[in-house]
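A.B. asks: Sequence:
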Amino acid sequence: MSKNIPEDLKDYRQQIDAIDQELITLLARRYEIVRAVGALKARENLSVIQHERAEHVKQKACELASQKGLSPDLVRKIYETMIDYAHELEHEIIENTHRQA
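Per my numbering, residue 127 is the first one in the sequence shown, and the count goes up by one each step.
Treat the hints as calculated values from the structure; they're not laboratory data.
Careful: at least some of the hints might be erroneous.
[What the hints assert, rightly or not] Within a straight-line C-alpha distance of at most 30 Å, the following computed BS3-like cross-link-like pairs (lysine-lysine) qualify:
#1 136 <-> 167
#2 194 <-> 184
#3 136 <-> 194
#4 184 <-> 167
[What the hints assert, rightly or not] Okay, the calculated beta carbon distance ranges per label pair:
#5 182 <-> 134: 24 to 32 Å
#6 154 <-> 178: 24 to 32 Å
#7 136 <-> 224: 47 to 55 Å
#8 165 <-> 139: 19 to 27 Å
For each residue, glycine too, the CB sits at the ideal point set by N, CA and C.
Please construct the entire structure, taking both the sequences and the accompanying hints into account.
C.D. replies: So, in structure tokens, the structure goes:
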């Protein structure tokens, strides 16, 4: 990086870095809950993918994005990635649970 970075830019970058830390912390919490959901689905023999729920979550996120002045398309893509990963985790948990049974 250049040594002649304006102080304002440094401040903005520090703010972004702090927000990034918060985002990662929130994602970690989200996936802790996803793991618990996966364990519950394994115990109750429930399907991993529940299309209506996934679509509802994405739709609500897009609505909130619009209200906050963000691109709904961007938020939809982010949520699709998060939900796909959640499904992968749940599948893995269910497979491991069934192997141990």
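A.B. asks: Would you mind marking each hint as holding or not holding in the structure?
C.D. replies: Each hint, compared with the structure:
1. Taking the CA atoms of residue 136 and residue 167, the gap is about 46 Å. The hint is violated against a cut of 30 Å.
2. For the hint pairing residue 194 with residue 184, the CA-to-CA distance comes to about 15 Å; that is within 30 Å, so the pair holds.
3. Proposed proximity of residue 136 and residue 194 is supported: the alpha carbons are some 25 Å apart, at most 30 Å.
4. For the proposed pair residue 184 and residue 167, the alpha carbon gap of about 21 Å is at most 30 Å, so the pair holds.
5. Distance hint check for residue 182 and residue 134: the Cβ-Cβ separation is about 41 Å, which falls outside the suggested range of 24 to 32 Å.
6. At about 27 Å, the beta-carbon gap between residue 154 and residue 178 stays in the expected band of 24 to 32 Å.
7. As the Cβ distance of residue 136 to residue 224 is approximately 52 Å, the hint placing it in 47 to 55 Å holds.
8. A beta carbon spacing of about 39 Å between residue 165 and residue 139 contradicts the range 19 to 27 Å that was offered as a hint.
Hints 1, 5 and 8, counting from the list given before, are not met by this structure.
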